[in-house]
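Chain residues, written in single-letter form:
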Amino acid sequence: NSKVIQTPRYLVKGQGQKAKMRCIPEKGHPVVFWYQQNKNNEFKFLINFQNQEVLQQIDMTEKRFSAECPSNSPCSLEIQSSEAGDSALYLCASSPGGQDTQYFGPGTRLLVL
Amino acid sequence: GDQVEQSPSALSLHEGTGSALRCNFTTTMRAVQWFRKNSRGSLINLFYLASGTKENGRLKSAFDSKERYSTLHIRDAQLEDSGTYFCAAEATGNTGKLIFGLGTTLQVQP
Chain A
2 NSKVIQTPRY LVKGQGQKAK MRCIPEKGHP VVFWYQQNKN NEFKFLINFQ NQEVLQQIDM
62 TEKRFSAECP SNSPCSLEIQ SSEAGDSALY LCASSPGGQD TQYFGPGTRL LVL
Chain B
94 GDQVEQSPSA LSLHEGTGSA LRCNFTTTMR AVQWFRKNSR GSLINLFYLA SGTKENGRLK
154 SAFDSKERYS TLHIRDAQLE DSGTYFCAAE ATGNTGKLIF GLGTTLQVQP
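In the order they appear, the protein sequences are chains A and B.
Following my numbering, the numbering of the first sequence begins with 2 at its first residue and continues without gaps.
Following my numbering, the numbering of the second sequence begins with 94 at its first residue and continues without gaps.
Keep in mind that the hints are not guaranteed to be accurate.
Chain A regions said to be covered by chain B (calculated; three or more residues, Cβ under 8 angstroms) [claimed, not checked]:
id : stretch
1  : 43 to 50
2  : 96 to 107
Negatives, chain B to chain A, calculated, CB over 12 angstroms [unchecked claim]:
id : residue
3  : 104
4  : 106
5  : 120
6  : 121
7  : 136
8  : 151
9  : 162
10 : 171
11 : 198
Keep in mind that the hints were calculated from the coordinates and are not lab data.
A virtual CB, placed ideally from N, CA and C, is assigned to each residue, including glycine.
Just chain A, same shape as in the assembly (with noise of 0.2 angstroms):
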């Protein structure tokens, strides 16, 4: 019931490599979400934007992470270099507003080798 696009389904790096993952919101969705899914169904909220502004985002993804959602271009989440924690599922989810149904895409599985 998601039309939220990510890609790539799947990501293999070496630590110390970017990692870029990137997600097409449904049309008519300005409210963007990333969150990470461990091998334990632990969900970590990483940031959001509406439009291009960043509305809020955790410590690590400020630190270690580089995300932007370009008007007319897909959203990106790069890790700037992977590490061995950072194998995960990378889900992007949209929304009409901030406070409304989110939508979720099917994810980017990353493995940090």
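For this one, chain A is given, so just place chain B on it according to the hints.
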């Protein structure tokens, strides 16, 4: 920090029976969403509630912000209901970020 405690962690039902999943919140939440993870691993939206109850087919959900809980009732369970169910809540005064429970793995048996 704000937490969402989801129970049970695992549930087994026979076809045609029903049960309830519950999420308790450690603080007042503004809204709750319920999801089911499908066989391809995607999160499927079931409900979004800012208050009260909603029903969709054999599923019914309730959210009580004051009492800090939400429930998801499944009746007449079918084999295709098997999967992992998550609740996720929005804290008040936030930018909409969701705080997830750890999920309930439901297995429906013939």
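Original post:
So which of those numbered hints doesn't the model satisfy?
Top reply: 7, 11
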